[in-house]
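Please build the complex by placing chain B on the supplied structure of chain A, with the hints as guidance.
Heads up: the sequence lines are chains A and B, in that order.
Be aware that the first sequence starts at 1, since it is given in my numbering, and climbs by one per residue.
Be aware that the second sequence starts at 1, since it is given in my numbering, and climbs by one per residue.
Don't read these hints as lab results, they were simulated from the structure.
Incorrect hints may appear among the rest.
[Stated by the list, open to error] Taking lysine to any residue pairs in the SDA-like style, the calculated list, with each CA pair at most 25 Å apart, reads:
| # | chain 1 | residue 1 | chain 2 | residue 2 |
| --- | --- | --- | --- | --- |
| 1 | A | Lys189 | B | Leu20 |
| 2 | B | Lys29 | A | Gln104 |
| 3 | A | Lys232 | A | Thr123 |
| 4 | A | Lys232 | B | Asp32 |
| 5 | A | Lys189 | B | Trp82 |
| 6 | A | Lys232 | A | Leu222 |
| 7 | B | Lys29 | A | Asp124 |
| 8 | A | Lys189 | B | Glu35 |
| 9 | B | Lys29 | A | His129 |
[Claimed, not checked] Pair by pair, the computed Cβ-Cβ distance ranges are:
| # | chain 1 | residue 1 | chain 2 | residue 2 | range |
| --- | --- | --- | --- | --- | --- |
| 10 | A | Thr7 | B | Asp58 | 49 to 59 Å |
| 11 | B | Thr83 | A | Gly225 | 22 to 32 Å |
| 12 | B | Asp32 | A | Asp169 | 24 to 34 Å |
| 13 | A | Ala5 | B | Arg101 | 32 to 42 Å |
| 14 | A | Ser44 | B | Leu28 | 35 to 45 Å |
| 15 | B | Leu63 | A | Leu79 | 27 to 37 Å |
Glycine included, C-beta positions come from ideal geometry on N, C-alpha and C.
For reference, the chains in residue letters:
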Amino acid sequence: MSTDAATTRTGQFALGVLETLPLVVAAFPFGIVFGAMAHGGGLSYAVTLGMSAIVFAGASQFIAITLLFAASAMPVIVLTVFVVNLRQMLYSANLMHHVQHWPQCWRMPLAFWLTDETFAAVTDRINRHPEQPGLRWFYLGSALFMYVFWQISTTVGYLLGEQIPGLQDWGLDIAMVVAFVGIVVPALKHRADWACAAVAFCSALLTYQWPYQSGLLFSSLLAIGVGMALSKEVGAGE
Amino acid sequence: MNEWLLIFLMALVTFVPRYLPFALAGRLKIPDTMERALGFVPIAVLTAIVAQTALVRDGSIDLSLGNHHAIATLAAFVVAVWTRHLFATIGVGLLVFALLRILLPG
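Chain A extracted, bound-state conformation:
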């Protein structure tokens, strides 16, 4: 392996870490709330950290413990988590074109670590530097950084939950919301993009009462359809 290739690997790995930093900062309070909620609901530390380490899916973990504490049946929880995760299948499909040159031994762990945050960082890099080599090292840096800090924030939350009762009601999920705003807005370039966002926004508010977050999935698909229709009308997303 040439020195150049090694430099690319390390450089891309470091860049992946660096460009995920703002998103990790935003996800940290989210992990804290998860840990505090799990503690408040009476889960053991082993089970709490086990969920963060083995499932590793923020939104799904919140929904799962909320349903668990509401005494829902296991099949209901598992089905709900499945539906919530379908959006990550869209992420994964979105990256297929880039992944096809990677060996399967890379695809499996990188798929396990696919989150909103890493997807955002990776697509941002693809958009800005389409031809740059070493994408999987960038992805690996982003994913590992996110994974390690998710475990740390879960632990911190669990410990703080013991010290500060009611921490989960502080509204710390705001960090995730503003991070998503910061990801989406720079991606709004054409009229079709804005229309897609507007439809997703309105539809999500009209369907929030649908069971198992199905309104989220429906709104996403509807918004994608509108974006497609408009970009076709004016030609190739102009």
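Here is chain B on its own, set in the frame of chain A:
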């Protein structure tokens, strides 16, 4: 309920949707239309999550000035349009939220 069994099943239904397209990549040609549709995925999904988290509080839509999440999100949106900078967006959003919490406790 066996919590470890729940974690195992959750891990399964989380990993499979994440991995399936990765596993098939290269063996399956994605049609151009599909590829174009997938380009809208981040905007559509993340915006829908933002709308529901910022405006739906305690199970109903809250458009009042007492909804600190909504005001902080709006501030973040303005900064994002203006600067297109992720750190600035997160920073201002969190700052506005913290100030509202301190100055106008609900």
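CB-CB spacing for A/Asp169 and B/Asp32 relative to the 24 to 34 Å hint: violated (48 Å)
Supplied distance hint 27 to 37 Å, evaluated on CB atoms of B/Leu63 and A/Leu79: holds (32 Å)
Whether the CB-CB distance between B/Thr83 and A/Gly225 falls inside 22 to 32 Å: holds (31 Å)
Pair hint outcome, A/Lys232 versus B/Asp32 [Cα-Cα no greater than 25 Å]: holds (12 Å)
Pair hint B/Lys29 and A/Asp124, alpha-carbon separation not exceeding 25 Å: holds (24 Å)
Pair hint A/Lys189 and B/Glu35, alpha-carbon separation not exceeding 25 Å: holds (18 Å)
Satisfaction of hint between A/Thr123 and A/Lys232, Cα-Cα up to 25 Å: Holds: A/Lys232 and A/Thr123 sit about 22 Å apart, inside 25 Å.
Hint consistency between A/Lys189 and B/Trp82 [alpha-carbon to alpha-carbon, up to 25 Å]: holds (14 Å)
Restraint check for B/Lys29 with A/His129, where alpha carbons must lie at most 25 Å apart: OK: B/Lys29 and A/His129 at ~24 Å, within 25 Å.
Pair hint outcome, A/Lys189 versus B/Leu20 [Cα-Cα no greater than 25 Å]: violated (30 Å)
Cβ distance range 49 to 59 Å for A/Thr7 and B/Asp58, holds or violated: holds (52 Å)
Beta-carbon spacing of A/Ala5 to B/Arg101 - inside the hinted bounds 32 to 42 Å or not: At roughly 50 Å between Cβ atoms, B/Arg101 and A/Ala5 fall outside 32 to 42 Å, so the hint is violated.
Hints 1, 12 and 13 from the earlier list are contradicted by this structure; the remaining hints agree with it.
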